[in-house]
Amino acid sequence: MTDILQIENLNIHFRTAEGSLSAVHDLSFSVKKGETVCVVGESGCGKSISALSIMGLLPENGHIAQGKILFEGTDLLSLKPDQMRKMRGNKISMVFQEPMTALNPVFTIGYQLREPLRIHQGFSKKQAHVKGIELLKQVGLSLPEQRMKQYPHELSGGMRQRVMIAMALACHPQILIADEPTTALDVTIQAQILDLINDMKEQLGTSVVMITHDMGVVAETADRVVVMYAGEIVEEGDVETVFNDPQHPYTKGLLASVPKVEGELTQLQAIPGSLPNLGEAIVGCRFQSRCPFAMDICRSQAPPIYEENGHQTRCWMKEGESIADNIVPS
Amino acid sequence: MPTTLFQVKNVKKHYPIKGGILRRTKSEVKAVNGVSLEITKGETLGVVGESGCGKSTLGRAILGLEPLTEGQLIFADQDITQLSRRQLKPFKREMQMIFQDPYASLNPRQRIGAAIEEAIKIHNPMNAKQRREKVLSLLEEVGLKREHYGRFPHEFSGGQRQRIGIARALALQPSFIVCDEAVSALDVSVQAQVLNLLKKLQSKYELTYLFISHDLGVVRYISDRVLVMYLGNMVELAPSEALYENPVHPYTQALLSAIPRTVPNKERERIKLMGEIPSPTDPPKGCAFHTRCPIATELCSQSKPEWRAVGEGHYAACHYVGEELNA
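Top line first, the protein sequences correspond to chains A and B. Residue numbers for the first sequence follow UniProt numbering, beginning at 1 and rising by one. Residue numbers for the second sequence follow UniProt numbering, beginning at 1 and rising by one.
There may be inaccurate statements among the hints.
Partial list, derived from the structure: chain A residues whose beta carbon lies under 8 Å from chain B [what the hints assert, rightly or not]:
{"#": "1", "residue": "D186"}
{"#": "2", "residue": "A191"}
{"#": "3", "residue": "D296"}
Pair ranges (Cβ atoms, derived) [what the hints assert, rightly or not]:
{"#": "4", "chain 1": "A", "residue 1": "K32", "chain 2": "B", "residue 2": "Y205", "range": "49 to 57 Å"}
{"#": "5", "chain 1": "A", "residue 1": "E154", "chain 2": "B", "residue 2": "I21", "range": "21 to 29 Å"}
{"#": "6", "chain 1": "A", "residue 1": "N61", "chain 2": "B", "residue 2": "T3", "range": "57 to 65 Å"}
{"#": "7", "chain 1": "B", "residue 1": "G275", "chain 2": "A", "residue 2": "T266", "range": "53 to 61 Å"}
Looking from chain A toward chain B, a few residues come up when the C-beta cut is under 8 Å (computed) [claimed, not checked]:
{"#": "8", "residue": "Q190"}
{"#": "9", "residue": "D214"}
{"#": "10", "residue": "V239"}
{"#": "11", "residue": "K260"}
Since the hints were derived computationally from the structure, they do not count as laboratory data. Heads up, the beta-carbon is just placed ideally off N, CA and C, and yes, glycines get one too.
Pulled out of the complex, with its shape left as it was, chain A reads as follows:
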């Protein structure tokens, strides 16, 4: 399988009143054709900002200081705004967390659904209308003809998210970026939407980049997982390896702090402390202040990435595994 999207050493900075803050450091990962990659992490880890940078939609005070985003070999960062506009919604599209704010409240569903088809595919209004109805049927909305005439506020949260997915898939994109697509939804509706994204992905062969904070959603949808902490990738690997044999203390901590609905009931292992602020200068490993295994070297030097059979971990404990086995939590 070929890589359709490659992100190389991406660094994103923000200009703020307190000076330039670094939100994402040296982010590198790739997405293969037809693959679902989940980017998981807690708030402020840079996952959403990375997704927005792929779309070229960084907020005004953000800029890419360094790095490349290669889509089918072309660096998206080198494209002019009008070339990028031809990509967005056409080759690469995005589903947002809150469909009410992502949909325009003053236009009908039909208008918004026809828009990408008319712009990118050159459909006439009539053709686009027919295609729009077909898309709504595809995403499982009842009464599609009627829905075309309705406004976003007339639909429920789950229905709006289906409309967003229909819009995103209208032009058969190669990549679908889904930023917390189910976070605002109830679990029974979440299950429907996750199934829908999976079905669509299989039918159309789309690659999916799913951004989420929910380890459960990752386990259910991902082929590969990228775990981020404070702007960096701390672990990356295929979903079975990362869940069954997590290597980084943060990934382990994250998995141990999710309350389970089945199996034995054990004491939750919380990760002590809280997430660092963007502006905080951290020496050494970024997780060091919360890590139960932190050693002297973690406090002075940032760890490199260690790789074993495609499973990457950014942790000093991988340096000489035998030493790590003897370390007890402090």
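Since chain A is already given, all that's left is putting chain B on it; use the hints.
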């Protein structure tokens, strides 16, 4: 013999929808439609359900924050339903609430020491020095530092703010606390800290919790018994273990099955619920769940199922309780 702390009898809360020139009541939102519970001293009763199921309204109604449409509240053998504001005051200090978003419930211009102190000022005859000492010890109790006393809410992270919310609720040494989505806004690593703190405080002060959440994992972790609600109705009530191991109501079964597990398994079959939650202004006749239920029959659309016992402390409202749900 465990003692009952709080009895909730057939509580209903309906909100009128007014319309027309005369502002007549056109219809009602039946947010809570007949809930009866007995909350035992020292236990945690979890309440779960999807949005609009009435779980938050139930919590507010129990605390007297919403006047009841119908029903009775009995706290420590005293009927508090009809009491005046003044008569209620001694009861109010026994019952506190922890909110979902502590930032919204804290005054941004008030130092947190003063925010925690406020309730003590009203209810306890303490002088300023004693109050300050009390607040400082509360701060330490919830895992904050004494020097946080003079800071403002914006200086804290989400998890710390929730700790402030907990300190505030504890200030009057209540016996009963309603936690309304108390950890839902927190990141998982911090959420686990707060859950463990709530558990620690419970065993230390023999607190009784009504823990409202949409997250079934969190509810399982903290609750002794769990109530499942759907569209203002009680669906199933059981000891935590029985509910998660052996749910009998099709809604509970579907809800549990819909939760993504943290074990990668693409083959896992979910029970799929079709459609969306109906509007509580116009709930379906008969069993409220019949429009989405995989085993619904003619009977379900006509008559409302009774609340029946299906095991030791295990109740459910379904005509076909005990029958296998094949999905």
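- Are there hints from earlier that the structure breaks, and if so, what are their numbers? Of the numbered hints given earlier, those the structure breaks are 3 and 7, listed in rising order.
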